[in-house]
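Peer 1: Go ahead and model the full structure; you've got the sequences and the hints to work with.
Residue numbers (numbering that gives the first Met the number 0), protein chains in the order written: chain A, 0 to 166; chain B, 0 to 197; chain C, 0 to 102; chain D, 0 to 397.
Treat the hints as calculated values from the structure; they're not laboratory data. These figures come from a predicted structure and were not determined experimentally. Beta carbons: idealized from backbone N, C-alpha and C, even for Gly. A few of these clues could be false.
[Stated by the list, open to error] Computed from the model, here is a short list of chain A residues facing chain D with C-beta under 10 Å: (1) 28; (2) 32; (3) 52; (4) 105.
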Amino acid sequence: METAFYVLAAVTVAGAVAAMALPRLVHCTLCLAVAFVGLAGHFLLLGAEFVSFAQVLVYVGAVAILVVFAMLLTRSADAPPAWVVSRPGLLGVGVAVLVFGCLAATVAGSGLAGREAPPAPEVTVKALGERLMAEYVVPLEVVGLLLTAALIGAVILALEDRAKGGT
Amino acid sequence: MKHTPGWGLLKGLFETARNFVGSYYQPGRLTTIEYPDERLPVQENFRNFPMLIYDGADPERGLRCVGCKICEKECPPQCIYIVLERDRSGKVQKRPRLFDIDVSVCMSCQICVEVCPFDAIKMNTEYELSTGDRFGALLLRKAELAKPNEYYRRLHPTEAAEVDARLAAAAQAKAAAQAKEQAKLTAKPAKPAWSTQP
Amino acid sequence: MPPLHAYLLLSAALFAIGLAGALTRRHAILVLVGIELMLNAANLNFIAFWRYGARPEALTGVLFAMFSIGIAAAEAAVGLALIIAVYRHFRTTTVNDVNELRG
Amino acid sequence: MMETLDQLFVLLKRWVVGEFPAAWRLWLSPLIDAGAIIGVFAGLFAVTTLLERKGLGRLQNRMGPNRVGPFGVLQPLADGLKMLTKEDIVPRAADRVVHFLAPIAMVTPILLAYAVLPFGRNLVAVDFDAGLLFFFAVGAGTELAVFMAGWSSRNKYSLLGAMRGIAQMISYEVPLVLSAVAVVLVAGSLSLPSIVDSQAGYHWGWLARWHVFTPWGLAGFILFLIAATAESNRSPFDLPEGESEIIAGHLIEYSGFKYALFFLGEYLGLFAVSALGITLFLGGWQAPVPFLAWVPSYLWFGAKLLGCIALFIWLRGTMPRLRTDQLMNFAWKFMLPLVLVNLVVAALWHGTAAWGFFGAGATRWLLGGAVLWLTYSALSHALFTAPGRGPRTYRYAD
Numbered sequence: 000m001e002t003a004f005y006v007l008a009a010v011t012v013a014g015a016v017a018a019m020a021l022p023r024l025v026h027c028t029l030c031l032a033v034a035f036v037g038l039a040g041h042f043l044l045l046g047a048e049f050v051s052f053a054q055v056l057v058y059v060g061a062v063a064i065l066v067v068f069a070m071l072l073t074r075s076a077d078a079p080p081a082w083v084v085s086r087p088g089l090l091g092v093g094v095a096v097l098v099f100g101c102l103a104a105t106v107a108g109s110g111l112a113g114r115e116a117p118p119a120p121e122v123t124v125k126a127l128g129e130r131l132m133a134e135y136v137v138p139l140e141v142v143g144l145l146l147t148a149a150l151i152g153a154v155i156l157a158l159e160d161r162a163k164g165g166t
Numbered sequence: 000m001k002h003t004p005g006w007g008l009l010k011g012l013f014e015t016a017r018n019f020v021g022s023y024y025q026p027g028r029l030t031t032i033e034y035p036d037e038r039l040p041v042q043e044n045f046r047n048f049p050m051l052i053y054d055g056a057d058p059e060r061g062l063r064c065v066g067c068k069i070c071e072k073e074c075p076p077q078c079i080y081i082v083l084e085r086d087r088s089g090k091v092q093k094r095p096r097l098f099d100i101d102v103s104v105c106m107s108c109q110i111c112v113e114v115c116p117f118d119a120i121k122m123n124t125e126y127e128l129s130t131g132d133r134f135g136a137l138l139l140r141k142a143e144l145a146k147p148n149e150y151y152r153r154l155h156p157t158e159a160a161e162v163d164a165r166l167a168a169a170a171q172a173k174a175a176a177q178a179k180e181q182a183k184l185t186a187k188p189a190k191p192a193w194s195t196q197p
Numbered sequence: 000m001p002p003l004h005a006y007l008l009l010s011a012a013l014f015a016i017g018l019a020g021a022l023t024r025r026h027a028i029l030v031l032v033g034i035e036l037m038l039n040a041a042n043l044n045f046i047a048f049w050r051y052g053a054r055p056e057a058l059t060g061v062l063f064a065m066f067s068i069g070i071a072a073a074e075a076a077v078g079l080a081l082i083i084a085v086y087r088h089f090r091t092t093t094v095n096d097v098n099e100l101r102g
Numbered sequence: 000m001m002e003t004l005d006q007l008f009v010l011l012k013r014w015v016v017g018e019f020p021a022a023w024r025l026w027l028s029p030l031i032d033a034g035a036i037i038g039v040f041a042g043l044f045a046v047t048t049l050l051e052r053k054g055l056g057r058l059q060n061r062m063g064p065n066r067v068g069p070f071g072v073l074q075p076l077a078d079g080l081k082m083l084t085k086e087d088i089v090p091r092a093a094d095r096v097v098h099f100l101a102p103i104a105m106v107t108p109i110l111l112a113y114a115v116l117p118f119g120r121n122l123v124a125v126d127f128d129a130g131l132l133f134f135f136a137v138g139a140g141t142e143l144a145v146f147m148a149g150w151s152s153r154n155k156y157s158l159l160g161a162m163r164g165i166a167q168m169i170s171y172e173v174p175l176v177l178s179a180v181a182v183v184l185v186a187g188s189l190s191l192p193s194i195v196d197s198q199a200g201y202h203w204g205w206l207a208r209w210h211v212f213t214p215w216g217l218a219g220f221i222l223f224l225i226a227a228t229a230e231s232n233r234s235p236f237d238l239p240e241g242e243s244e245i246i247a248g249h250l251i252e253y254s255g256f257k258y259a260l261f262f263l264g265e266y267l268g269l270f271a272v273s274a275l276g277i278t279l280f281l282g283g284w285q286a287p288v289p290f291l292a293w294v295p296s297y298l299w300f301g302a303k304l305l306g307c308i309a310l311f312i313w314l315r316g317t318m319p320r321l322r323t324d325q326l327m328n329f330a331w332k333f334m335l336p337l338v339l340v341n342l343v344v345a346a347l348w349h350g351t352a353a354w355g356f357f358g359a360g361a362t363r364w365l366l367g368g369a370v371l372w373l374t375y376s377a378l379s380h381a382l383f384t385a386p387g388r389g390p391r392t393y394r395y396a397d
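Peer 2: In structure tokens:
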């Protein structure tokens, strides 16, 4: 269990770093998919089966593919590799390191640090569904509405402006 | 029923299913010829590659070709190569010494046949010309090109009969002309024909 | 089972990586990718807190993570549509070059 | 006796695992499962390539391969040898790493998907509570593999093929998942073994309670089959590799073993999605009639799988390829509304399950069937036969 965690953590962090640091956009996307799969593995390890599979389905199956399509449609896949070693770039990394330091210090300083997990709860899909349909029915509907709005919005945004004759 | 959407798809599926079942008990449905084991009979008008016709038994002496080189000049891809025979003194003879055709270049256009005034070059129907040797074996020599007239008759009977009739008529006319000439010669004696030769 | 703070540190690291990418990379798509990574780090926190929490049978963390995934999908769709629209307009996807308000 | 035969493989595995020390068992059990799945389905792949070539030949009044061995049965062996001995060519401009990883990324997720499929009674590698979701989640990984193959080859045809492939797979994943959701709605579970269990038993002692014998199940099965054909890039939806247009799509720059891996992945995907269709609609490993229930369950499953494969070969031998716009229109304007209506019909079916009056079953059947048929006719009229949309007329060609 411990080994699995560390292996998965290494894969996830490596994927995330590569996704943010590689010069070629396509490689970034593929590494991003690796990081997402690693995270799904963590969810599985934590006993959240459903979330883990949903994570793969949504992030690898939809978001990564969307990114790929956006890349192909904006001709970024063939863009020359671009490294970022500039002053604002270094500043950004510095800020991120600072944030990480703050978070890590907070985690270390909190009383949560050594907490052990209680015995694994039984998470059935049925229980999840019943919760969603009873207690969380309003958020569920709102998310559905949001997704519909996002779908329509994305279509309208990406629709070619025929009336203007295109700019 | 005919206008129900999706009906055409079902009809297509039915048709292929009939093919599937039928191909097992109606051998006539199968369009395949299992080539190396069985061959389609060659059609009479099929042509693939030129050959040289000879009369009689000797491919060297009976060759109709006189080496006029018309075919060499007319060949669009220029796959024919002719060198004329010379006698000891270097005089050009009416016979080819070399007659090569490159199979890999020939395009089966039959122009050589059409331009030949002597009916010496005709189209062969042999099509299994493949070889493992890319450079040597695809260049056919005179000996490989020479085929007897009987072979030509067997391949293209109709055409061959016509050619034979024409050649026989020409030979007859020539014989008649010669006889006339002979009669003239005998009537008015002149220098004998053999006296021109050394 | 690794202790809770291992997950929290991993999540913090992912968040920092995403933040660094979003701040440094100039390509609009990569900025979006960084934001997605940060969202995922938050998701990991939800699940970890749920698993190590006092009442895991309440499923709050799991449900929150699912809503968050749904929202992330919507965000990605709209974000990428925006990037495509921007590309149509400016013929570039570098965020630094898209700094004019006039079209 | 029959009971033992039915559980033969389960017992065999239990015995083999039991022979080893306890520390190994945790690792050995999944290894045996994975080995069995890979072995059986790679073998089925070899058999299917032969059956497909023979079958396609017969559908078109040809013989099919019959040269290698008696009746050509050794043809897969010859094909395999040819593939393995071919030169492995990588274009100079290609992205070598991604080019190398793409076939692996194609086959691995598909093999993972087999883990949740029940091949017989108790014959399932992992019984996830969310097994169906797992299947679709790992299936999504292949889309990325198609993109990797298409982009890394640095060939415009392969990129076009990959874009077509991804667009098609995303579009048809929607009806595929939604037609499966109808089953989930009625069966009340995402776990595939319990979906099979929900189809156990017989109406009046002879008609199996399979979902395909309900109006929504029949429509759902047909929609599922169409979407599955498109998902596995088979004819008539083989646009991504349409050889007359873009040569071989994302597979252009692959040769030898890598190409063989893609080929294997394609067929494994076909088997997996057929097996899912069987599990969801055709009662899984259940016998169709009660008096044949003594036949071992995995044999029933195998028979249904072969039947599905035969159906796919038949479709491939019959249908011409669609155009890209026809493909997209069909997915979004025809299949999506139909599959949503199907979902509603399934909900109605489930809601009226308690009806007890005489003829309730027939009434439900007729109601559901009528709703679906009306939707189908209206949609196809609006899309294909309405004025201005009918078959193209050629003014000058005739």
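Peer 1: Run every hint past the structure and note whether it holds.
Peer 2: Checked hints:
Below 10 Å, beta-carbon pairs count as interface contacts, and residue 28(A) has one with chain D at about 9 Å; its hint therefore holds. Interface restraint check for residue 32(A): the shortest CB-CB distance to chain D comes to about 6 Å, inside 10 Å, so the restraint holds. Interface hint at residue 52(A): satisfied, since its Cβ lies 4 Å from the closest Cβ of chain D, which is below the 10 Å cut-off. At about 34 Å, the closest approach between the beta carbon of residue 105(A) and any beta carbon in chain D exceeds 10 Å, and the interface hint on this residue is violated.
Hint compliance for this structure: hint 4 alone is broken.
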